[in-house]
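Q: Start from the sequences, fold in the hints, and give me the full structure.
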Amino acid sequence: MNRRVGAVVVGALLLAGCGGGGPQSSGDSKLSGDRIVLGVLNDQSGVYLALSGTNSVKAVQMAIADFKAKHGGDAITDDITVETADHQNKPDVANTKAAEMYDRLGVDAILDVPTSSAALKVADVAKEKKKLYFNISGATTDLTGKSCNRYTFHYAYDTYMLANGTGKTVTEQGAKNWYIVYPNYAFGQDMEKSFSTAVTGAGGTIVGKDATPFPNDNFSTFLLKAPTLNPKPDVLGTMQAGGDLVNLVKQYNEFKLREKGVGLSVGLMFLTDIHSLTPAALAGTTYTDAWYWNFDAENRAFADRFLKETGSRPTFAHAANYSAALQYLEAVQAAGTDDADAVVKQLEGKSINDVFLRNGKIRAEDHRVIHDAYLAQVKPAAEVTEDWDYVKILKTIPADSAFRTPSADCKL
Amino acid sequence: MSSFLQHTFDGLVSGAFLALLALGLAVIFGMLRVVNFAHGAFYMLGAVGTYLLLTEFGVPFWWALLIVPVVLGALGMGVERAFVHRLARLDPLYNFLLTFGLTLVLQDLVKLRYGTQSSPYATPSALDATVDFGLFDFPAYRVFVLAFAVVACVAVWWLLGHTRVGMVVRAATEHPELSRALGIDVGRWVTPVFGFGIALAGVAGVLAAPMRAVNPLMGADLVIVVFAVVVIGGLGSIFGSVAAGFGIGLVQAWGESYLDRWPIVAQTSVFVIMAVVLLWRPAGLFGREEAPA
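Just so you know, the sequences run in chain order H and U.
With the first letter of the first sequence counted as 1, position 264 gets the number 264 in the UniProt record's numbering; the numbers rise by one all the way through.
With the first letter of the second sequence counted as 1, position 165 gets the number 165 in the UniProt record's numbering; the numbers rise by one all the way through.
FYI, nobody ran anything at the bench for these hints, they're computed from the structure.
Since this is a predicted model, take the numbers as computed values, not measurements.
Misleading hints may appear alongside valid ones.
The calculated DMTMM-like cross-link candidates involving lysine to aspartate or glutamate, where the alpha carbons are at most 25 Å apart (straight line), are [what the hints assert, rightly or not]: (1) H:LYS392 x H:GLU172; (2) H:LYS411 x H:GLU365; (3) H:LYS193 x H:ASP79; (4) H:LYS225 x U:GLU174; (5) H:LYS90 x H:GLU128; (6) H:LYS193 x U:ASP260; (7) H:LYS260 x U:ASP260; (8) H:LYS232 x U:ASP260; (9) H:LYS176 x U:ASP260; (10) H:LYS232 x U:GLU56; (11) H:LYS225 x U:ASP132; (12) H:LYS260 x U:GLU56; (13) U:LYS111 x H:GLU365; (14) H:LYS90 x U:ASP108; (15) H:LYS209 x U:ASP260; (16) H:LYS225 x U:ASP108; (17) H:LYS256 x U:ASP137; (18) U:LYS111 x H:ASP86; (19) H:LYS260 x U:ASP132; (20) H:LYS209 x U:ASP137; (21) H:LYS58 x H:ASP79; (22) H:LYS260 x U:ASP128; (23) H:LYS256 x U:ASP260; (24) U:LYS111 x H:GLU83; (25) H:LYS90 x U:ASP221; (26) H:LYS379 x U:ASP128; (27) H:LYS345 x H:GLU128; (28) H:LYS232 x U:ASP132; (29) H:LYS225 x U:ASP260; (30) H:LYS256 x U:ASP128; (31) H:LYS256 x U:ASP132; (32) U:LYS111 x H:GLU309; (33) U:LYS111 x H:ASP92; (34) H:LYS58 x U:ASP260; (35) H:LYS146 x H:ASP124.
A: And the structure:
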């Protein structure tokens, strides 16, 4: 009796296996599972929630809606969905979630992934599973350096872009002497090196640099030290991010360093940081932005839609997630399949102009997506007339000089 | 010289926060034998509460400095009656775990409602200036923080040393059984003392709002340093916690400014000192070793 039951079960499984396999191979769709699934993997509960997080999921949904509206009945499929997961900025969680997305949830491309260490882990998973990965909010240049791979694209910015934009331009504009403070972990150390190189390359001098604890709520020692350095620094370059940046800027104002002739330059800053600190606390601060919502009419139109969806204006990470999702879908449409190798072929070397990418190009050599970047300055409080419109763009940094040339370390 | 004075002053200011927090922990530990891990979370609630009073009700800083500690003290008394009290007879580990859990709950509740972004809070306008001490100048708000913390610590010391309540608390702290045998109702004072310790954390939180990032995690890292301070000063020792608080503030400030080539030294100094003190005087610098039970 038991043996018969066993045989029936095995037979049923075999049938189901054949039956399940049948339609996929005999159908005319070239899509795995007859659908496209995008995965947004980022921080949905911690320090990077506001700058990307759940609102990036909404941005990706906007991209899907726009893709469907554009192609209508000709779209490769109607069935495009988004899966999301919270990686809590932990590399091991990111690793597991990414594998789960590709294997179990049928995700064709993973987007976003802030925190450099987590970003690098996901690149390894993408390489192993041969599935696409667009990193938006990770900063490390290793993604297009020694850790680059055929399925990974670095879309929005990196430490070189930030240092080159802010460090070089501010030095060229006359702030020759720099005092750099940086959080003592991978991102901070990477940023310090990039900034020191950019500043000295532009004829400036690093008169002092200090590693600070991370996280840290008290920067007073460094702020007291800044004006006493010899020669006195023209600018304090801070590589702090998130809550640490808020602490540092608050205390910078408390110690009245601007009045003492020491300006402030921030390595990495998002619109949401300015919102949280208030523009008054940051007035006059320069930084490099990958995109600004009120730069022109096209950006503004996107930002208006985004505001309606989310209640806030988009950071560059939100716009870049939108753009990456849209360009991926267009590439699948053009390739006629979601086969990763075919889509990579479509993307490599492609020149793109969209709401996020200006003079954009996907470099075939290292998969760095280059585009115009912007040197931004926070407006004085008196000039802020609209919520979220906190900065003016001082200068557009052209795409070909905004990013480093392809690294010899990268072999795709 | 002027820069040395400046760094010293700076160390005293950060020491003021450590002292206020350590004092609250010491008072609670002395009376209840409870290691209150939730102290950092109450400090955070103090800062978040200050921010909310301003944005939701338009209550300025000065009123917050009065209202927040009172409200948090009451909340602390509620927590003592509802939870801590029930575990008092068990191993101290139970209350440690309880307060650790409470920390996570409080942090996540604030996160859920207000997110993790830091909230802006401006320096009170009366203190948004620089005080010139001749040899050096310093932000007025920080001078105020230091003065306020010193006054608060002296007031607590006076309260414990010169009032009847203080006498009861000291007696109960040092010889709970004997105090009971002499007819002193120790139990009556447990709840108010717990509330008072929490109120001190609230004061530190209010003082922190204008100069530090106000967010749900602001107490999480600080509380670790405060524990080290309390251990260095001697668990339960009122004077020890205050002295160690200011002392560690100074060591950190001097370390960061004069050992700047080895940032790691300044960053770990407090824990190294803790380890050395524990080896040399297991009860802390000012603590007394308890006779084995």
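Q: Is it true that the CA of LYS256 of chain H sits at most 25 Å from the CA of ASP132 of chain U?
A: Within the cut-off at roughly 13 Å; holds.
Q: Between LYS411 of chain H and GLU365 of chain H, does the CA-CA distance stay at or below 25 Å?
A: holds, 8 Å
Q: Does the alpha-carbon distance linking LYS225 of chain H and GLU174 of chain U stay inside the 25 Å limit?
A: Measuring from Cα to Cα gives roughly 45 Å; hence the hint is violated.
Q: Can the restraint linking LYS209 of chain H and ASP137 of chain U be considered satisfied, given a maximum Cα separation of 25 Å?
A: With Cα atoms ~23 Å apart, LYS209 of chain H and ASP137 of chain U stay inside 25 Å; holds.
Q: Holds or violated: LYS260 of chain H and ASP260 of chain U, Cα atoms, limit 25 Å.
A: Holds, at roughly 22 Å.
Q: Would you check the hint for LYS90 of chain H and ASP221 of chain U, treating anything up to 25 Å between C-alpha atoms as holding?
A: holds, 18 Å
Q: Is it true that the CA of LYS90 of chain H sits at most 25 Å from the CA of ASP108 of chain U?
A: Since the Cα atoms of LYS90 of chain H and ASP108 of chain U sit roughly 18 Å apart, the hinted pair holds (cutoff 25 Å).
Q: What's the verdict on LYS232 of chain H and GLU56 of chain U, does the C-alpha distance respect the 25 Å limit or exceed it?
A: The hint is violated at about 43 Å.
Q: Is it true that the CA of LYS111 of chain U sits at most 25 Å from the CA of GLU309 of chain H?
A: OK: LYS111 of chain U and GLU309 of chain H at ~22 Å, within 25 Å.
Q: Next pair to validate is LYS256 of chain H with ASP260 of chain U; report whether the Cα-Cα distance is within 25 Å.
A: holds, 22 Å
Q: Taking only the CA atoms, is the gap from LYS193 of chain H to ASP260 of chain U under or equal to 25 Å?
A: holds, 18 Å
Q: Does ASP260 of chain U lie within 25 Å of LYS58 of chain H when you go C-alpha to C-alpha?
A: violated, 45 Å
The structure does not agree with the numbered hints 3, 4, 10, 12, 13, 16 and 34 stated previously, though it agrees with the rest.
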